[in-house]
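Asker: Sequence:
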Amino acid sequence: CARYDNAFAAEILIDRGVNVNHQDEDFWTSMHVACACDNPDIVLLLLLAGANVLLQDVNGNIALDYAVEGTESSSILLMYLEENGVELNSLRQMKIQRAVTMLTDVRQLISSGGSVNQKNDEGVTLLHVACANGYKNVASLILDHGADLNVVDNQYWTPLHLAAKYGQTNLVKLLLMHQANPNLLNCNNEKPSDVAASDFIEEMLLKAEIVWEEKMKDPLAASTLSQEEPYEEIIHDLPTISNKLNPLALPIAKQDSLLEKDTMFKDAAKGLCKQQSQDSASENTTVNTTTKLEQIKLMPPAPNDDLASLSELTDSSLLYEIQKRFNNNQIYTYIGDILLLVNPFKELPIYSTMVTQLYLSNSGKLCSSLPPHIFSCAERAYHMLFQEQRPQCFILSGESGSGKTEACKQIVKHLTCRASCSRNTFDTKIKHVNCILEAFGHAKTPLSDFSSCFIKYFELQFCERKKTLIAARIYTYMLEKSRVVIQPFNQSNFHVFYLMMDGLSAEEKYTLYLSNLSAHRYLSQTVSEEMMLTANPQNREKLTILKQALGALGFNSLEVENLFVILSAILHLGDIRFTALTDAETAFVSDLQLLEQVAGMLQVSPDELASALTTDVQYFKGDTIVRRHTIEIADFYRDLLAKSLYGRLFSFLVNTINCYLQNQDESGSDQVFEIGVLDIFGFEEFQKNTFEQASLCVNMTNEKIHQYINEVLFLQEQAECVQEGVAMETMYSPGNHTAVLDFFFQKPSGFLSMLDEESQSVWSVEQSLSKRIQSYLDTSDTNTVYSSTKDGNGNLAPKDLGSTFTVMHYAGRVTYEIAGAIEKNKDSLSQNLIFVMKTSENVVINQLFQSKLTQTGSLVPPYHSLKIKGCKAALLNKKTSVTCASGEAKKYIELSKLLKKKGTSSFLQRLERGGPTTVAIQLRKSLADIIGKLQNCTPHCIHCIKPNNNNLPDTFDNFYVSAQLQYICVLDMIKIIRHGYPVRLTFTDFLSRYKDLADTAAGEKKKLNAKERCRLVLQQCKLQGWQV
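In terms of UniProt numbering, the sequence shown opens at residue 1 and continues consecutively.
What the hints contain is simulated information worked out from the structure, not anything from laboratory work. One thing to keep in mind: the hints can contain errors.
Unchecked claim - Pairs of lysine to aspartate or glutamate, EDC-like flavour, derived with a Cα cap of 20 Å:
no., residue 1, residue 2
1, Lys975, Glu711
2, Lys1022, Asp996
3, Lys119, Asp148
4, Lys413, Glu438
These figures come from a predicted structure and were not determined experimentally.
When you get a sec, could you build the whole thing from the sequences and use the hints?
Answerer: In C-alpha cells:
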C-alpha cells in the first residue's frame, strides 16, 4: 500500500489492527517506503495511526532520510517532528552513526594488522560496502592502506560498479582519482557507465573510459597527464540534489528490490499517467483519480514570497519578481496579508488534500517554511474568526478569466477539509453545487470559456463551540438574464442549453421538440456553423454529471425532466414570431402550432398566452382598456417573459441549494460565525459595450467593489494612522474613482437615477435620456466621464448628443452605447403575462410566479428554508385549477400531477411590496446588500491577475500584467504595508496576551494605566518599531 499509494486499502488494514511499525528484513517500516516513494497521503495516514517515525533500518536511517527535500512527505515529517520537540541535529547524528561505526571498526582492523582486502562468502570486500553506501571517509582510509581498486565480487562487480549504480558521485570521483579501471565488465557484460544512476555519473565514467584507453595505448604519454584533469571540468561543480528520489539513500537490497519492481510495472504506470488530464484549469471538470500518480510538490520558500519585503520598490522590479515566480509555477505571492494570484491556465499539483493538511496551523500565522498559498489565507481567516469573534470575508477581484471562481473553490475546499465534521459529505455537496451553478450561471465569453454571469457570495457557517463547519448558504445577485435572449458577438448562451442540445438522447429531444442549435433563435445568434452541425461529446458526460448533482439535491427523475421541459419552453418561446395582419401594425402570433407547443410545455392556455403577448389590459375607473402591441413591443414582452422565467428558475435552484447545504441535525442553540467569499464577475471591455449586454452593469459593480477595497486597504488605514499619531511616508489618493461613482450612482442626477426616471415614463425615448446625460456632462467639471464622438468600434456615433459616453474606469477607458438602455432596464412583466403564468398547471412554474421577489430580484426563500429537509420545500403544493385548451399540454399534465403528489410545503410570508421594476434598482439594492455584508466582516483581499489575454499557459505578457498591477495599486499597497503597522492590539488584549511580562515589568508600578503599562513592557523588552 505504501509503495503504490493505496490509501484506501491502507486505511482498511489500519482499522483492522495491522501493526504500522512492522519492520521487514531490512528493518524498513511502511513509513520508510511511503517516504522513499513520496506518497504523502500514506505518510499522514501512518502518522495519524501512531507510526514511530524514529525507527531505524539496517543502515541506521529513519524514514525522513528517504524523503526528498521539498516534497510533501518531507514537509509533513519535519512539521511533525518539530511539533514533538525532536531536533534535526540529533537526527543527523543518528544518520551518520553507522558510517562512524564502520570507520571505527576499520581502524581497529588496520591497527590489529588485518587485511582490508578480505572477502566474505560472496566475494564482497570492505571497499565494496563503503562505495555502495557512500562512506567516503571509510573508503579513503581503506584506499590509503592498500585496498585493491579493481577487486571483484562473485558476480564480478567492482567497487566502481557499485558506486555508479547507487549514485555515489563523490565515491566515483574518488575511485577514478585513484586510477580505478572504468572498463571492467561484470557478469552481465556491463561497464560501470552502463549501470550509472545518473547522467552526470555516466558522463564522468565515459570520459574516464576514453582516458583509460589512451593510457593503455601509450602509457608514457598518458602518464604525463594529471589524473584529475579529465574529470575536473565535470566534477568541480557537483549538481544539486534532484527532486526525484536518489537511489544512494536506500539500502542496497531495498534499492535493488524497488528498481526491479519499477521495471515490472513500468508499462502499466505509463499507461495510467497518460490518463492524467492536462486541460485548462478554467474547465471545471472532476479531477481524475490518477492524479495521485503525479508527484505533488510545493516550491520551497523564497525571498520574494512577500513583495512587501523587497528592498527595491518600483513598478518594473515588482513586475520582474512576479514574472520570475510565474515562470517557476509560483502563482501565489503575498503582499503582507494580501494574496496575489496569477492564473496559470493549467493544472498544478498543489491542491491535494495533503497540501491542505500541510497548511493547518494551531495559530493561523503564515508558516515561514511553506510557500504562499490560498490555503494559508483560508487558514488564517479561520483562526481570526474565533479570535475576533467576528465574521470574516474574502474579496476576490480581477478581470474576467483571472481565476476568481477557481480561487473561491479552493478557499471553500480548505475550510471544508479544515472544519467539517463529515468532510467527505460536505465536500461532495460543494461539488454538486458548483456543477449546477456553472451549468445555469456560466457562459463563454472572449475573456473566459467559463465566465461567471452573476455575483456570488458564498457564506460558510461555523459553530463557535465546536469550531466546526455546520452549514453554508449562497447569495446570488445580478444574473445576466439578457444573455438568454441575446448574446454579444463571439459569446454564448448559458451552458445548460448546450448540455441539453448535445447531451439529451434523440428520444428526449423529440419529446421536447428540440432539433439543433440553428433551429432556435436564442442559440443560433453567435454559434459557428461547425457547432451547429457537430455535437460536443463532452457535453453528454457533463449533462450526466449535472443530472447526478440535481439528484443529490433531492430532485427525482420526474423533477429533473420538468426542469428540462421549462428550459426547452424558454427556447421555443424565443422562436415565436409576430406578424401584422392589418394596416394598424398590431401584432399577431405567426405560427399557431408553435404557440400551442409552447403553451403545452408551460401548461397554460394558448389563447391566453397569445393574448398576453400581444395585448395589454388596463382598468380605469371600472372600464377595461385593451391595447394591442406592435410587433416590436410584442417581441420585447416575449423576450422579457423568457428572461423572467429563466431568472426565477435560477433563483429557485439557489433556494433549493441552500436547503441542501443546511445541517439538519444542528440544534441551533450554539452561536454561529460566518466566513464569506465574494466572487464577482470580472471587468469587461468589448467592441460594443451596452446596457443590454450587461457590460455596463458589470463594470459599475467592479468600480463600486474596487472603491470599497481601496477604502479598506488605504483610506481606513491612513485615517487610523493619523488618529493614532503614526507618521505615514506617503498618502494614498482615491483619484478619479469618486467622480466615476457619482456619475453612476448619485441621486437624483446620476446615470441610474436618470435611467429609472426615463424608464417609468410611458412615452420615454432615447433622445431624452441622451440629452439629460449630455447636460450632466456639460455642467460637471470632471474629466473622468465625457461624451464620445465615436462608439466602441471607433465608428462615428449617431448624431444624437450623448448617445455614447466614455468612462475612465480604474481599469481603463471604456466607451458605452446607451441605445436600447431604457427598454432593457425595464424588468417588470405586464400584469396580463403574470396572471397567465400564475395559472400554469406546472407546479414549479406556478409557484415561480406566485412568489414575490426580493429587492435584489431573487425569489423570496421558502418558509424555514434553512431548516427544513430536502429540496421539496422549495416547491408549493398549492394547486390552481385551470382548464388547458391545448392538446399539446396533455403529455405534461401527468408529469405535473406526479410532482404535486410530493406533498411539499409552502413558501414563507411574502414581502409586502412587490419586487423591483428595473434592472437599475436591482443593481443598487444588490450592491447595497453586498457592501453591507462586507462591512460587517474582517476582509481578506485576493487580487487575481490574468497573465495574458489569450488564456494560454506558460505565457506572460509584461505590458498586460503591468497594467493590472498598476490599476489595483500594488505598489501603493506595499508602501502602506511597509510604513504602516500591520500588527495592532488593544491595551487590554496586549496586557492579557503578555500577562507574565506585564506583571514582571510593572513591579511596584501596577497602578499605572493600561497605556503606560504597555509602554513600560515594550521599553523594558527593548523592542523597536512600535507605537502606542
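Asker: Next, verify each hint and record whether it holds.
Answerer: Results of checking the hints against the structure:
1. Lys975 <-> Glu711: 16 Å, holds
2. Lys1022 <-> Asp996: 16 Å, holds
3. Lys119 <-> Asp148: 11 Å, holds
4. Lys413 <-> Glu438: Roughly 17 Å separates the two Cα atoms, so the pair holds.
When the structure is compared with the earlier hints, no violation turns up for any of them.
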